[in-house]
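Chains as they are written, first to last, in UniProt numbering: chain B, 1 to 218; chain V, 1 to 218; chain P, 1 to 218; chain D, 1 to 218; chain C, 1 to 218; chain U, 1 to 218; chain S, 1 to 218; chain Y, 1 to 218.
Simulated from the structure, these hints should not be mistaken for laboratory data.
Just so you know, not all the hints are guaranteed correct.
The calculated EDC-like cross-link candidates involving lysine to aspartate or glutamate, where the alpha carbons are at most 16 Å apart (straight line), are [said to hold, decoys possible]:
id	chain 1	residue 1	chain 2	residue 2
1	P	Lys179	D	Asp192
2	U	Lys218	C	Asp68
3	P	Lys8	C	Asp105
4	C	Lys179	U	Glu51
5	B	Lys179	V	Glu51
6	S	Lys8	B	Asp105
7	U	Lys179	C	Glu51
8	P	Lys80	C	Asp105
Sample of chain B residues at the chain Y side, in silico, Cβ under 7 Å [said to hold, decoys possible]:
id	residue
9	Tyr98
10	Asp99
11	Asn143
12	Ala147
13	His183
14	Tyr185
15	Ala187
16	Trp191
17	Asp192
For every residue, glycine included, the Cβ atom is placed at its ideal position computed from N, Cα and C.
Protein chains: 8
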Amino acid sequence: MKLERGQKLLFIGDSITDCDRNKQDGEGLFGALGRGYVAQVDALLQAVYPELGIRVVNMGTSGNTVRDLKARWQEDVTDKKPDVLSIMIGTNDVWRQYDTPFITDWHVYIEEYEQTLRELVAQAKPVARSGIVLMTPFFLESNEQDAMRRTMDEYGAVVRRIADETGCLFVDTQAAFNKVLAHLYSATLAWDRVHPTAAGHMVLARAFLQAMDFDWTK
Amino acid sequence: MKLERGQKLLFIGDSITDCDRNKQDGEGLFGALGRGYVAQVDALLQAVYPELGIRVVNMGTSGNTVRDLKARWQEDVTDKKPDVLSIMIGTNDVWRQYDTPFITDWHVYIEEYEQTLRELVAQAKPVARSGIVLMTPFFLESNEQDAMRRTMDEYGAVVRRIADETGCLFVDTQAAFNKVLAHLYSATLAWDRVHPTAAGHMVLARAFLQAMDFDWTK
Amino acid sequence: MKLERGQKLLFIGDSITDCDRNKQDGEGLFGALGRGYVAQVDALLQAVYPELGIRVVNMGTSGNTVRDLKARWQEDVTDKKPDVLSIMIGTNDVWRQYDTPFITDWHVYIEEYEQTLRELVAQAKPVARSGIVLMTPFFLESNEQDAMRRTMDEYGAVVRRIADETGCLFVDTQAAFNKVLAHLYSATLAWDRVHPTAAGHMVLARAFLQAMDFDWTK
Amino acid sequence: MKLERGQKLLFIGDSITDCDRNKQDGEGLFGALGRGYVAQVDALLQAVYPELGIRVVNMGTSGNTVRDLKARWQEDVTDKKPDVLSIMIGTNDVWRQYDTPFITDWHVYIEEYEQTLRELVAQAKPVARSGIVLMTPFFLESNEQDAMRRTMDEYGAVVRRIADETGCLFVDTQAAFNKVLAHLYSATLAWDRVHPTAAGHMVLARAFLQAMDFDWTK
Amino acid sequence: MKLERGQKLLFIGDSITDCDRNKQDGEGLFGALGRGYVAQVDALLQAVYPELGIRVVNMGTSGNTVRDLKARWQEDVTDKKPDVLSIMIGTNDVWRQYDTPFITDWHVYIEEYEQTLRELVAQAKPVARSGIVLMTPFFLESNEQDAMRRTMDEYGAVVRRIADETGCLFVDTQAAFNKVLAHLYSATLAWDRVHPTAAGHMVLARAFLQAMDFDWTK
Amino acid sequence: MKLERGQKLLFIGDSITDCDRNKQDGEGLFGALGRGYVAQVDALLQAVYPELGIRVVNMGTSGNTVRDLKARWQEDVTDKKPDVLSIMIGTNDVWRQYDTPFITDWHVYIEEYEQTLRELVAQAKPVARSGIVLMTPFFLESNEQDAMRRTMDEYGAVVRRIADETGCLFVDTQAAFNKVLAHLYSATLAWDRVHPTAAGHMVLARAFLQAMDFDWTK
Amino acid sequence: MKLERGQKLLFIGDSITDCDRNKQDGEGLFGALGRGYVAQVDALLQAVYPELGIRVVNMGTSGNTVRDLKARWQEDVTDKKPDVLSIMIGTNDVWRQYDTPFITDWHVYIEEYEQTLRELVAQAKPVARSGIVLMTPFFLESNEQDAMRRTMDEYGAVVRRIADETGCLFVDTQAAFNKVLAHLYSATLAWDRVHPTAAGHMVLARAFLQAMDFDWTK
Amino acid sequence: MKLERGQKLLFIGDSITDCDRNKQDGEGLFGALGRGYVAQVDALLQAVYPELGIRVVNMGTSGNTVRDLKARWQEDVTDKKPDVLSIMIGTNDVWRQYDTPFITDWHVYIEEYEQTLRELVAQAKPVARSGIVLMTPFFLESNEQDAMRRTMDEYGAVVRRIADETGCLFVDTQAAFNKVLAHLYSATLAWDRVHPTAAGHMVLARAFLQAMDFDWTK
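With the hints as extra help, turn the sequences into a complete structure.
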């Protein structure tokens, strides 16, 4: 995918995307993009490619699963007519199965996850002309045998499959984190293994931008 | 200068460095490094060079002039034994001459600025074995004839001269901003032309890291 | 225009007019008029012309453009039946083009500005029997070649043209500020070059009152 | 007394002077001068005489009597070396006799008031080279037979006598208010007949400035 | 009027009656009756006549004029079926004429006051079987020639006339305060001459209870 | 004991006396006397005997036992030179034995209670020339066999004995409450059977004032 | 009744059950179950029987009487389809008769209590397949002759009767507390004899779990 | 160890022990023991063994390592003369090595940990006559190969060794948690794998009490 002058780049997802963004507009000054990877991507694009005038919009909402995205897809994605759409969802779909295992109404199992994500991609395709980026959910746990990490990897595999089949740009965030986890214990990047520190968010921002052929030295 | 395993990298300066840092330690988790360029440098180092284990410390304090740095130099710099020391000071030294012109006690004129900064560099030299980085103060105003911009440029020239004469690494932040200001009006980067947005801080972080031979694609 | 006993004087505009006013009524005791030029005009009128019993109403709303004024014109202006109406709008219409250049939906370009302002004046004419005052927007930047200052001047020229053509009283706020900017750097009057200090507001209050033939020594 | 380039003008008094000023410095940006007559005097001086660069300092402290001024005279007045000093004190000296009549320790009777004020003026004389302004305390009650008004008038007479005998500039604030009270009921200017609205403060600011030969139309 | 076992005693009025009462019910524990004369009446009745089980309800609302009472009369008075109803209104009807003289929409002049109060009494008569108490508004100013005191006295005269003509119990609160004002300056009882201290409220509570033949020594 | 012109009446005790009083002075306007029986006594004295000018001071402190009173007796009682001193202490001395039975360090048993209270009375005698009032502690429990009520009654008996032997005026608060408890269940007067409602405080205020020959109908 | 794998256990009641629970869902992490006996039951079940995966839901609401439960029974109980339902209600039904005796609208007398509770049990029977637990209300007063304790015991007898007749599991909370009250004065367990400390809540949790054949040593 | 009448039981440790306890005393009503396992132990002891009157004191402090305990051992442990002392420390000693690996000053390595803990036990021995309980630190991670879990286990082994050698009662909290982790994923018990939910705290409370031969069915 190519960064082009005047593109509108919309990110949607859960609390990792949200990260305390301005809830009304999802864009503007004064930290309106939150403090996470979306804000970092915007900062890097403005700092390195000021001439492109890329417009970044953050539509993340804390606690969301793919089921919640579906409920607000029309208003928060299609109506906003992004040129590029980036989706990172699944953390809560999986997490609720592990942190509140008895409250099954809150779980989004893998079949519903896959089917819903496919629907959302299909609906966004005609709008996001410059392309869709699918980022995997991740879990900051280096033990691949860990139960929740294993489930998260399965959801990540679903994302990869949908990306492959629908021609979306695929970003493997788990792989990006794994390189760092080889050197740093997970607690350095996130106390709860889910919500990253600024460093963790930078791993996400860099993975996204590298997929977009962003050139730091330009 | 070369990034090396286990280095302790200490930043000192005013509100631009401070940026809501943890006041007790200036390091640690939970946003202890603030939200500005120091936090971004740390995030980029951890994300790209996790194997180096660089320790970043933020000793910026809002409202400081070089006169204030002098008063806390022993405790906040020398005693902390940084391997690399980065200094960016001068904004308030100049600004007070323009925003509260009648309160002359608050002004730090260029002679005092130069002499004090020289002293501080001299005292830090024996401690910061890996080197000292001198970053210029800046003003987010593209009109070079603007009175405050002109004064700020003069202070920047002092910084360059000291860097040259003492063998410090020089970072011309005004030059880095000028490239962006060629495309974006200054209000996009800072409402008050002083305190940058996240994008403005990224310009600083990138300028610093480029001087350190940081490699994004590594 | 002549100050007359029992007049109702209504000010409408953006955050410069609003300045933390009481949002329900826009008048009353306990700082209901805010802390800006409207409150100062009221204070000066009560202090110097207590026998006239001028009633001042503040209908400014932060962030407003002329497009927002249009949406609340009936309720906030016509229904309130002012004898004298003062309008100062345009700051945000211009500013958004410079501080959030990529969010074009927020920009109000000069054609829409002129047409809307004309409409609003036309609608208010039959109500405000004692007259309408048109105050230009301003930018506290002394460099006339500055891009945003230049645009603001163009909007100011629109205001002057409408005033001339419709017989409104014209107040050139930029000109009033320029006299002060000849002696004081803009940061003394406003850190962000837009929201004035008490001194900056007094420049506005004085410009307004001089146009109304207010006599300080009376 | 004549306004001259570069003068430092220090105001001292009680809550009417204080009016929510910055407690550390009593000067600077961001409403550091409070919201009362001191801030208005500063605003008018900067707006009308920007070329003079008058430096205004507010050393008022809520609840103070002349006894409290004595305790901080060295630190808050003499050490600050003002060119012009303005004193308005006495409200609480009188008020406590009327609102908490049984707590006699809080009352400052007229003999102590006169003697203390004389001492303070004597001590300030050598410092405030350009002159001292003595403003009377006042009570926003139009009935001259009212007990508290009568007492306040007696304290005002003391101020006048000291001004006459020591060559200070005398400002009769009660007289200035009386002109307004002829048209407006006292509740319009102050609910408690002591703490003025913005309009009431403007009466004070204007009385002060007229004594200083301030020219609004300049 | 006689205190009888099981009576429901409802007080309605403005901020003097309200005095920070529980807004939903106007009765209950934990200060639900506010901190003014209504709470004191309840405390005195419970302490001295616990065997009567009088139920006290506070329906006062800050800022109310008789016009506001009319708007909520059905819901807050008639529907609540009090045995005894006590009305004290008029303070704001008069005060607004003196503290915001130019905002004439807020004034309730004497004709409207009298007519509305008559209507309300007429509507309450069939409900409040044990009787209605009419308390005058008051002004804590001992000078009878004071403009606002004079107007307040006229409104008090209206209350007396209505009480006489409709057989309501009349409580002259101004007369009760006058006895105290003979010894204490008004500021001791209320800084703004309207909102009483606890002592001032006790004057009201005592005046009310004396009219009810309350016996302290019982 | 006789109320006399100009007396200073000081109350000391625990949270029942304190009741959110102003901690610095214990007197003044704006609820400085708290919201309990002390404030009610003051309100009744001012309302009924304004000509006497009785000065009421509240030195109650929440959580205090007689041991705590001893520690601050010099500063808070003797140094303040009251004419009349009223002491009500013992609630916490007893309560801690029942609510935190294992934390024995917090208990003040009856021997220490008696001895300390005697000492304090002896020290205050020469100061409080008009007399000392000793009020019993109380427990709002009507069952005399209740363990805590029984203990409280024993402490009350100590108070009576000391009053008899030292010629202090004795106020039996438990007896005063018992009359009300005959009609009202204790929860109506205090949820925790200790901290009274306004009605409960009025029982205390009335018991105190009746001992002082206060005449409500005067 | 037997604890079984995957059961949903719903508690309903008043403030003792509520205890600061999450109001939206009544379940989840981060203290969503409040801090009372419901949270303790959940903690004990998870700690000792983690393999059962019992899902605990807290639907208590502060201030509720049985009349309030009726109004929300459909939404908060039946619709939620619990396997086991536990009801503890009646505290406020009784308490209001004693703490606000004059506000009779707030009282729920024993006939209404019995009839309503029967209705609710009948409606819940077909839903709560594994059974219903009826817990008595209680009063932390050891004197059985105390008026409120006696009434509470009568309401408890109603609960026992309904449990017997409808085959619900009966938990006599008053009996459980009585064993503790034999050793500890009631104030140790609850200052107001109603809202228990953590220890008091543990008495409730243990009484409930013992009825469920919970085995601590398992 | 045997629970005996009147024992004073003091817990010391880090945030897991602290859990929002009252910082001054560490005991008393109103949640003074915090909300963690200490409060649960106290609740269970009071509910089941009210006749013993065990006094529980919480001296935990958030963020503490064994190094911090040493600094306050005299004041917070020895001076308080507990009969039984329970120590659980080590979480932060280990955690800092993993979450802030570069800030080595914050790490307490195993040699220092062992030596300091030994010293503290030795100092406490003569005071805590009824015995000392040593609880291991724990990590809520079921993967024994996880780096931080492995380190925590090593510290736990140190605790066991010291307990064995000094005759302290040993509580293996990790083992207690492991039984639960066999059924529940760690996120159910603690989002950050360190700070337990109420259920996790109950695992600790139960492990402690079982070591004390606590009998739930008594």
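These are the hints, each one checked on the structure:
1. Lys179/P / Asp192/D: Since the Cα atoms of Lys179/P and Asp192/D sit roughly 40 Å apart, the hinted pair is violated (cutoff 16 Å).
2. Lys218/U / Asp68/C: Given that 16 Å is the threshold and the Cα spacing comes to 37 Å, the pair is violated.
3. Lys8/P / Asp105/C: holds, 12 Å
4. Lys179/C / Glu51/U: It holds: about 10 Å lies between the C-alpha atoms, which stays within 16 Å.
5. Lys179/B / Glu51/V: Holds: Lys179/B and Glu51/V sit about 10 Å apart, inside 16 Å.
6. Lys8/S / Asp105/B: holds, 12 Å
7. Lys179/U / Glu51/C: Roughly 10 Å separates the two Cα atoms, so the pair holds.
8. Lys80/P / Asp105/C: Holds, at about 11 Å.
9. Tyr98: holds, 4 Å
10. Asp99: holds, 4 Å
11. Asn143: holds, 5 Å
12. Ala147: holds, 6 Å
13. His183: The hint is violated - His183/B has no Cβ within 7 Å of chain Y, the shortest such distance being about 9 Å.
14. Tyr185: Holds, because the Cβ-Cβ distance from Tyr185/B to chain Y comes to roughly 4 Å (cut-off 7 Å).
15. Ala187: Constraint on Ala187/B satisfied, holds at 4 Å.
16. Trp191: At 4 Å from the nearest chain Y Cβ, Trp191/B passes the 7 Å test, so the hint holds.
17. Asp192: holds, 4 Å
In summary, the numbered hints that this structure violates are 1, 2, 13.
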